[in-house]
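Please model the complete structure; the sequences and the hints are all you need to start from.
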Amino acid sequence: MKTRGCKPLARVAKCGILRAPLYSMSTDSFPNLISQRLQAAVKAVCDEASLPEGFTVDVVPATNPQFGDYQSNAALQLSKSLRQSPRDVAARLSEAFDAGDLCDPPTVAGPGFINFRLSASVLAGRTAALLGDDRLGVPRTEHPKTIVIDFSAPNIAKPMHVGHIRSTILGDCLTRTARFLGHTVVTDNHIGDWGTQFGMVLWAWKNLRDDAALAADPVGELLRLYRVVNERQKSDDSLRDTCKAELVKLQQGDTENLEIWRQCVSLSRGGLERIYEQLDITFDHWLGESAYNGALSPLVDRLLAEGIATASDGAICIFSDGRGDPKSDPFLIFRDDAWQANPFLIRKSDGGFLYATTDLATVDHRLREFHADALWYVVGAPQQSHFDQLFAVCRRRGITAELEFISFGSILGKDRKMLRTRSGETVQLADVLSEARERALKVIEEKNPGLDDDEKTDIARAIGIGSVKYAELSQHRMTDYVFDWDTMLSLKGNTAPYLINAYVRTRSIFRRLGTDFQSCGELVLTEPTERALALKLLQYGETVPGILTGFRPNLLCSYLFELASAYHGFFEECPVLRSEGAIRESRLALCELTGRVLRHGLGLLGIQPVERM
RNA sequence: GCACCCGUAGUUCAACGGAUAGAAUGACGGCCUCCGAAGCCGUAGAUACAGGUUCGAUUCCUGUCGGGUGCACCA
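Each residue of the first sequence is one higher than the one before, counting from 24 in this note's numbering.
Take the hints with a grain of salt, since some may be wrong.
Below, a list of computed lysine-lysine pairs in the DSSO-like style, where the Cα atoms sit at most 30 angstroms apart [as the list claims (entries may be wrong)]: (1) K257 - K371; (2) K515 - K479; (3) K229 - K371; (4) K371 - K440; (5) K257 - K229; (6) K371 - K267; (7) K437 - K515; (8) K437 - K470.
FRET-style restraints, in silico, Cβ to Cβ [what the hints assert, rightly or not]: (9) D359 - R106: 54 to 60 angstroms; (10) G473 - P88: 35 to 41 angstroms; (11) T79 - R106: 18 to 24 angstroms; (12) R297 - S581: 28 to 34 angstroms; (13) T572 - A268: 47 to 53 angstroms; (14) G421 - T333: 15 to 21 angstroms; (15) P167 - R635: 35 to 41 angstroms; (16) S581 - D121: 29 to 35 angstroms; (17) E300 - A236: 22 to 28 angstroms; (18) E300 - G516: 26 to 32 angstroms; (19) S408 - A268: 29 to 35 angstroms; (20) D121 - E550: 28 to 34 angstroms; (21) A236 - S581: 44 to 50 angstroms.
To be clear, the hints were calculated from the coordinates, so they are not data collected in a lab. Backbone N, C-alpha and C define an ideal beta-carbon position, used for all residues, glycine too.
The structure is reproduced here in structure tokens:
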């Protein structure tokens, strides 16, 4: 029994649908400005007919600060069609390049890289401008879309376990990011509140329920009931049939079963909401599978009428349309030395509907009611073939909305196997979160015993929960990652506590100063660490939009970690409060901006920093 | 069997086809009369294997070997 959220890439639907980009780079971003000037140089140096088709000048941050701030590989790309050595092309381009006051004259290095170093005045001016920008340099998208994001989606018959962390945290971060970039995002928790497992829960409720336990710990008792019946039915065919019968009664509208179902859903939802509250995650809708009960039968009829679905062995299926390569046809499978049908089953021979059916109905609803341009599914990689089929059916039905399967890898224990408790059970998410808070509290007691108890508890919550989220988001979503308390709660390295600590240090300056940041005049950036920090701050606006290409919050995490390191480097080299005049003001501005960007970036990750720790 | 995903320092992770493959952690060596040392600086260490495309490959293609996942009435 799986739920959507429980296991391990974005897979684009196999049909090419033209789509607008998800974000816009600010037109006055450094790469853009340099690129425009370099483009002009290209025009001046070579005639357009000799350019490769679709040639665009790319400018990217330099790989190593010793080379400069930004670099372009344009000369390397052009050398072939111009029939000149890359170094010569680079030399001519940099000669023709009009740097203006944007940067120093470009330099040529290596096989033909052109390196750019921003001028001190531009750097200082932009940094000062950042102070007055409440978007911190992040541009709004020029192509806002309505995006429905399907994430978390636990099965309601049992509490969430660690497997749901990835979908839940990743989905929430993508939601926050897409909204900030200017998209309209609708979040929908598509809970599993209707499937086969409810047959088991119904039987267990009737036969095994312990009312005292239920009153004391409803979620725990539901979990116990589920575990017991699940274990028994594995080896007991007649029990399995009995459970199926309970399910059929439920689906036929039996009042007793419906009432029990309502109670279970309500109890379970209470437990889920407590977890989401701790995680600071909310949903616009909780349209579970049961919300589509009425839509399934007409949907199947329509698919039959349209000739997309056909009857087979008493069931209703969607088969391959026979177009295209069998290898990439989600409705075919190679078995027993031949390509055979691998249908998308939408109605069982007993009349029951399936996951596939509700998913199709859900697509219809989201397109119709939310006017969605894009549907994103944050679901583990094992369900890839299901989504391949689902999306293919949507295309056959003429749906042109963007469909994204945003998948991810598994969470492993230290033994590199699926994470389990010592007794071999799945690890409950609620337990993970409370352990995170306890462990964080212990560290705080050690490091800063002087804080009062309430504050310690708040800080422990922020750091504990933040650590769990950051551990998840800082990895490429496809990698199977090892869940390790010591690593994620460590104060060193690329962790939430390290970043929050960097933020705390920016705040500590102003606590000591006794006032909040006051606006300042022109900035003076002279030390290398000041320059490096300012450049990093200015790159926030280039970093955030990139999260949505490939759906990769880990890029933001890397950025924030580099920013924090740049801040610490600056902090070592440059006294702030003990400096004077314009230098002091400039340094205070750097502290303020670092604090703002860290707070904002962590916010996009769903992590709330604290003022003290 | 067939399909998909993944193989990078001892370990955990990075790298739109670009320079000497970056970090972190662990190990070793430095730095607090100085704004939070929960920090900073330095040293040592890696692209599974074999071909191909390319001016250039960790990245793209083919094959091999290893690991994971999925494959008809569950979700």
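Quick rundown of the hints versus the structure:
Taken as a hint, the K257 and K371 pair is honoured in the structure, with Cα atoms around 21 angstroms apart against an allowance of 30 angstroms. Between K515 and K479 the CA atoms are separated by roughly 20 angstroms; this keeps the pair inside 30 angstroms, and the hint holds. Pair hint K229 plus K371 holds up; C-alpha atoms about 27 angstroms apart against a cutoff of 30 angstroms. Annotation: proposed proximity of K371 to K440 is violated, straight-line Cα distance about 34 angstroms (limit 30 angstroms).
For the suggested pair K257 and K229, the alpha carbons sit about 19 angstroms apart, so the restraint of at most 30 angstroms is met. Simply put, K371 and K267 have alpha-carbon atoms about 13 angstroms apart, close enough for the 30 angstroms limit, and the pair holds. For the hint pairing K437 with K515, the CA-to-CA distance comes to about 20 angstroms; that is within 30 angstroms, so the pair holds. A threshold of 30 angstroms between alpha carbons decides the hint, and for K437 with K470 the separation of about 27 angstroms falls inside it, so the pair holds.
Taking the beta carbon of each, D359 and R106 are about 56 angstroms apart, inside 54 to 60 angstroms as hinted. G473 and P88 have their C-beta atoms about 39 angstroms apart, which keeps the hinted 35 to 41 angstroms range intact. Judged by the Cβ atoms, the range 18 to 24 angstroms given for T79 and R106 holds: they are separated by roughly 21 angstroms. Checked against the hint of 28 to 34 angstroms, the C-beta distance between R297 and S581 comes to roughly 32 angstroms, which is consistent with it.
The hinted range of 47 to 53 angstroms is satisfied by T572 and A268, whose Cβ atoms lie roughly 50 angstroms apart. Against the hinted window of 15 to 21 angstroms, the Cβ-Cβ separation of G421 and T333 comes to about 18 angstroms, which satisfies the hint. A hinted range of 35 to 41 angstroms holds for the C-beta pair P167 and R635, which are about 38 angstroms apart. A hinted range of 29 to 35 angstroms for the beta carbons of S581 and D121 is consistent with their spacing of about 33 angstroms.
About 24 angstroms separates the C-beta atoms of E300 and A236, a value consistent with the hinted range of 22 to 28 angstroms. For E300 paired with G516, a C-beta distance near 29 angstroms keeps the hint of 26 to 32 angstroms intact. At roughly 31 angstroms, the beta-carbon separation of S408 and A268 lies within the given 29 to 35 angstroms, and the hint holds. Distance hint check for D121 and E550: the Cβ-Cβ separation is about 29 angstroms, which falls inside the suggested range of 28 to 34 angstroms.
Between A236 and S581, the C-beta spacing of about 46 angstroms keeps the proposed range 44 to 50 angstroms intact.
Checked against the numbered hints given earlier, the structure breaks only hint 4 and satisfies all the rest.
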